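**Student:** Sequence:
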Amino acid sequence: MQARAENIIKTFFSGLYCVAFMLISAYAGMQFTGRLAFQIILTFSLTLIFTFVADILKIKMQVISFAACFSAAFWVMCAIVAQMLLKGTFLIFNSAWEYMFYYDSIGMVFIVLIVVTAYQRIKAFIKKDAEITEQYDKFYSAVSVAFTLFYIVVLVYCFFICRIPGGERVEPNLDPLDVFRVTFFSGSLDYERLILFLGNIAIFVPLGYLLCHRLNRGGLKTVLVLLPFVLSTAIEVSQYYFGMGHPDIDDVILNVIGFYIGVLLKLLFDKVFTLRR
1 MQARAENIIK TFFSGLYCVA FMLISAYAGM QFTGRLAFQI ILTFSLTLIF
51 TFVADILKIK MQVISFAACF SAAFWVMCAI VAQMLLKGTF LIFNSAWEYM
101 FYYDSIGMVF IVLIVVTAYQ RIKAFIKKDA EITEQYDKFY SAVSVAFTLF
151 YIVVLVYCFF ICRIPGGERV EPNLDPLDVF RVTFFSGSLD YERLILFLGN
201 IAIFVPLGYL LCHRLNRGGL KTVLVLLPFV LSTAIEVSQY YFGMGHPDID
251 DVILNVIGFY IGVLLKLLFD KVFTLRR
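Per our numbering, the very first residue in the sequence shown carries number 1; after that it's consecutive.
The set of hints was computed from the structure by calculation and includes no laboratory data. You may find that some hints are simply not true.
Claimed, not checked - As a list, the in silico BS3-like pairs of lysine-lysine whose alpha-carbon atoms are at most 25 Å apart: (1) 60 - 138; (2) 128 - 138; (3) 123 - 138; (4) 58 - 128; (5) 221 - 123; (6) 10 - 58; (7) 128 - 266; (8) 10 - 123; (9) 138 - 127; (10) 271 - 123; (11) 123 - 58; (12) 123 - 60; (13) 127 - 221; (14) 138 - 271; (15) 127 - 58; (16) 271 - 127; (17) 271 - 128; (18) 266 - 221; (19) 128 - 60; (20) 10 - 221; (21) 10 - 60; (22) 266 - 138; (23) 127 - 60; (24) 221 - 271; (25) 128 - 221.
Small disclaimer: the values here were computed from a predicted structure and weren't measured.
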């Protein structure tokens, strides 16, 4: 009985540590908007250090996966509560949300989840132990679900919730090189334009990574190739039809690039870090 109580206490504090380090790592990066490289390095480094310490403390993957799921849910709830406070009402979905953060803040949460998952994958690869691989499979199943749900919320937030429907329709930009000229060849490098450029790529990287795991087989490979074009185009068309945002062919190009980067990362990761089963 005493051993069970000690195990529960140990698990509780282990989970508390993991949740705390994931939230702190993401929050620390969010505090340096305007210094993107430093944000990425800081969040990556803190997450890696804290995850390494968790490994030294022999914290179970099951506990880490719970912490990852909780931290993703925490940031979603923070966004909802913040909107309630900004609007002064619980009815926050009857009008467009106010922007609260750039893509970079969302990116910090993604970095934490990615680093934690990659660390566990590399650990399973190095150990070459079937039991650890089984633990990793369960870990990845849980974290990928949390990651996917968080990702869907981010997509809906970025493309729809923060847009005001019923506005005037803006003529779409059909110049495929405009975003490159405006971002990199306009005389000065504007931070907001750079974040939008990188954000349009990064926002589809997780989708490519996750769907490659599901669709990279047989006839489904055709779906994997065509899906980013169809999905991104559908988003831009819906923005034009409902008068939400500025439809832009450059967004489609950047989204597709991001999707294929995700696919390549998944293929490369599986090739380099093949697990023993």
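**Student:** With reference to the structure, classify each hint as holding or not holding.
**Tutor:** The hints, checked one at a time:
no.: 1; hint: 60 - 138; verdict: holds (12 Å)
no.: 2; hint: 128 - 138; verdict: holds (16 Å)
no.: 3; hint: 123 - 138; verdict: holds (14 Å)
no.: 4; hint: 58 - 128; verdict: holds (17 Å)
no.: 5; hint: 221 - 123; verdict: violated (29 Å)
no.: 6; hint: 10 - 58; verdict: holds (11 Å)
no.: 7; hint: 128 - 266; verdict: holds (20 Å)
no.: 8; hint: 10 - 123; verdict: holds (22 Å)
no.: 9; hint: 138 - 127; verdict: holds (16 Å)
no.: 10; hint: 271 - 123; verdict: holds (15 Å)
no.: 11; hint: 123 - 58; verdict: holds (12 Å)
no.: 12; hint: 123 - 60; verdict: holds (13 Å)
no.: 13; hint: 127 - 221; verdict: violated (32 Å)
no.: 14; hint: 138 - 271; verdict: holds (20 Å)
no.: 15; hint: 127 - 58; verdict: holds (14 Å)
no.: 16; hint: 271 - 127; verdict: holds (17 Å)
no.: 17; hint: 271 - 128; verdict: holds (15 Å)
no.: 18; hint: 266 - 221; verdict: holds (14 Å)
no.: 19; hint: 128 - 60; verdict: holds (17 Å)
no.: 20; hint: 10 - 221; verdict: violated (45 Å)
no.: 21; hint: 10 - 60; verdict: holds (11 Å)
no.: 22; hint: 266 - 138; verdict: holds (18 Å)
no.: 23; hint: 127 - 60; verdict: holds (15 Å)
no.: 24; hint: 221 - 271; verdict: holds (18 Å)
no.: 25; hint: 128 - 221; verdict: violated (30 Å)
The structure does not agree with the numbered hints 5, 13, 20, 25 stated previously, though it agrees with the rest.
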